[in-house]
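Numbered per the numbering used here, the sequence shown finishes at 711, counting up by one with no gaps.
Since the hints were derived computationally from the structure, they do not count as laboratory data.
No experiment lies behind these values; they were computed from the predicted model shown.
Here a beta-carbon is modelled for each residue, glycine too, at the ideal position from N, C-alpha and C.
Nothing false has been slipped in among the hints.
If you anchor each label on the Cβ, the simulated ranges turn out as follows: (1) S514 <-> D280: 31 to 37 Å; (2) S462 <-> T591: 41 to 47 Å; (3) W318 <-> R569: 45 to 51 Å; (4) R439 <-> A710: 49 to 55 Å.
DSS-like cross-link-like pairs, simulated, lysine-lysine; straight-line CA separation at most 30 Å: (5) K456 <-> K435; (6) K329 <-> K348; (7) K423 <-> K329; (8) K681 <-> K465; (9) K681 <-> K634; (10) K492 <-> K365; (11) K456 <-> K484; (12) K484 <-> K435; (13) K365 <-> K423; (14) K711 <-> K634; (15) K329 <-> K365; (16) K634 <-> K465; (17) K465 <-> K435; (18) K435 <-> K492; (19) K634 <-> K456; (20) K423 <-> K484; (21) K492 <-> K423; (22) K423 <-> K435.
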Amino acid sequence: MANGPALATSTRAPLIASDAIDADRVNEIVLERDGTVYRFERQDGSWLQTAPILHAVENWSMRQLIGRVLKTVSVRTVDLSTSDGDARAKSLVQAGLSPPSGRIELKEQAAAGAAARSVTIDLGRRSLAGRAYARVGAQDGKVDDTHYQVVDSELHEFALGRDPKEFRRRDLFIDLKDVDRVAFRSTGNELVLTRQGKVFRLESPVKTRVDRVQAEELFDALRRAKSSGFVSDKPAELAAYGLSPAMATLEVDSGSTRRTLLIGDTVSIGAQDRFGMLDGTSTVVRLPAAVLAPIFPRVERLIDAVASAIRPRDIAAIEIAVGAQHITLRRETSGWTASVATHDLNPATSPTTSPATSPASIAGTIDLDATDRLLKALTETRAASVELSAFPASDSVATVTFLGFASEPLDTVRIARRGADSKTLLENGDGVLRVHGSIDLPLTAEELGFHAK
Numbered sequence: 259m260a261n262g263p264a265l266a267t268s269t270r271a272p273l274i275a276s277d278a279i280d281a282d283r284v285n286e287i288v289l290e291r292d293g294t295v296y297r298f299e300r301q302d303g304s305w306l307q308t309a310p311i312l313h314a315v316e317n318w319s320m321r322q323l324i325g326r327v328l329k330t331v332s333v334r335t336v337d338l339s340t341s342d343g344d345a346r347a348k349s350l351v352q353a354g355l356s357p358p359s360g361r362i363e364l365k366e367q368a369a370a371g372a373a374a375r376s377v378t379i380d381l382g383r384r385s386l387a388g389r390a391y392a393r394v395g396a397q398d399g400k401v402d403d404t405h406y407q408v409v410d411s412e413l414h415e416f417a418l419g420r421d422p423k424e425f426r427r428r429d430l431f432i433d434l435k436d437v438d439r440v441a442f443r444s445t446g447n448e449l450v451l452t453r454q455g456k457v458f459r460l461e462s463p464v465k466t467r468v469d470r471v472q473a474e475e476l477f478d479a480l481r482r483a484k485s486s487g488f489v490s491d492k493p494a495e496l497a498a499y500g501l502s503p504a505m506a507t508l509e510v511d512s513g514s515t516r517r518t519l520l521i522g523d524t525v526s527i528g529a530q531d532r533f534g535m536l537d538g539t540s541t542v543v544r545l546p547a548a549v550l551a552p553i554f555p556r557v558e559r560l561i562d563a564v565a566s567a568i569r570p571r572d573i574a575a576i577e578i579a580v581g582a583q584h585i586t587l588r589r590e591t592s593g594w595t596a597s598v599a600t601h602d603l604n605p606a607t608s609p610t611t612s613p614a615t616s617p618a619s620i621a622g623t624i625d626l627d628a629t630d631r632l633l634k635a636l637t638e639t640r641a642a643s644v645e646l647s648a649f650p651a652s653d654s655v656a657t658v659t660f661l662g663f664a665s666e667p668l669d670t671v672r673i674a675r676r677g678a679d680s681k682t683l684l685e686n687g688d689g690v691l692r693v694h695g696s697i698d699l700p701l702t703a704e705e706l707g708f709h710a711k
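Given the sequences, and given the hints that come with them, work out the whole structure.
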């Protein structure tokens with residue numbers, strides 16, 4: 259057998275023939291390196307890592323990997339055909355090809371009536387001046403050990419020089435579209451927010467309206483939320499990360515899909531970042547505090563700070579009970595008319611009159627600007643703050659009820675002035691106090707500019 263040296267021929271040529279495989283039909287990539295087999299599969303247009311763990315990966319990364327395989331250029335061919343077996347084996351070892359430092363296989367989705375095709379490249383060691391060693395892998399079960407190539411090292415740098423975890427998507431809620439429900443639970447606490455069309459509601463800890471802008475900001479924060487890194491795949495003890503049981507959970511519903519994020523301990527003493535894990539995966543991730551803050555807003559921030567959601571144009575009448583006065587305002591084509599009835603709140607002065615007996619009312623007119631200010635205060639003005647608390651009946655000063663054009667009740671707002679701080683409190687039956695330090699809210703006949711006819 260010949261025992262000549264390896265011969266090198268300098269010729270620039272594609273390592274893989276252009277018609278060997280269709281890049282657009284590649285639906286599986288197998289990368290072997292560092293004793294691990296990484297398998298990536300394209301499903302419904304998106305790429306997933308399916309081995310050794312299941313995790314979504316960046317489509318861009320897979321396109322780059324496919325492109326670099328197919329664009330790898332051989333700048334020199336090393337011919338081992340004249341070398342004896344020992345010299346050939348030694349040359350392959352020196353090139354890092356026996357065993358190979360890595361291996362990439364691209365598999366094509368079979369076209370109709372045709373067999374599926376695949377290409378394999380064995381990756382050797384990297385050399386100087388942006389070069390590396392490679393050879394086309396086994397074809398029909400046979401490996402050609404008589405040649406290998408010196409190639410540009412871009413493929414090696416991308417496939418072997420980076421952590422495979424960098425291929426993964428860091429999005430916490432991948433491809434999240436319309437959010438229908440968000441539920442946050444921790445020890446002793448629960449927050450549930452729902453959406454139906456363009457209506458947002460809080461279902462827990464109280465049932466109330468949600469500020470649409472705040473809800474949409476929350477949903478946008480969920481779509482943007484990303485982990486800052488991958489901590490551990492398939493950890494032996496989730497409890498070590500505070501994930502079994504989890505310190506808190508975040509459920510996000512979109513259509514028929516529910517995704518749950520588990521939130522664990524802080525990553526270190528004094529840190530604010532936390533460990534996390536998405537259900538259906540086996541990877542512990544790091545959740546930055548800057549990402550957690552907007553997806554876990556305080557409940558008071560989510561609540562609609564306006565006293566009533568009724569639109570002024572839908573209101574046909576307003577009933578106001580304030581002190582001894584019962585005022586009724588009715589919308590007319592030319593403005594508003596009013597009637598005022600005064601109850602005697604002192605039984606000693608009217609012992610024969612039942613509190614339920616309505617005295618005769620006095621018809622009159624009111625200041626239209628005052629009515630506009632009343633409606634603005636209750637249907638447009640945002641409170642300075644909100645409190646989850648029962649209505650303080652002892653501080654109550656008035657009740658305002660809105661009626662529709664069929665005389666149906668639309669909403670009722672109770673009004674109190676807290677003696678401790680002189681704040682005005684507005685509540686409409688939801689257990690939420692909308693707190694105003696100062697508000698232009700005409701309620702009495704005098705404040706409304708009532709004039710008897």
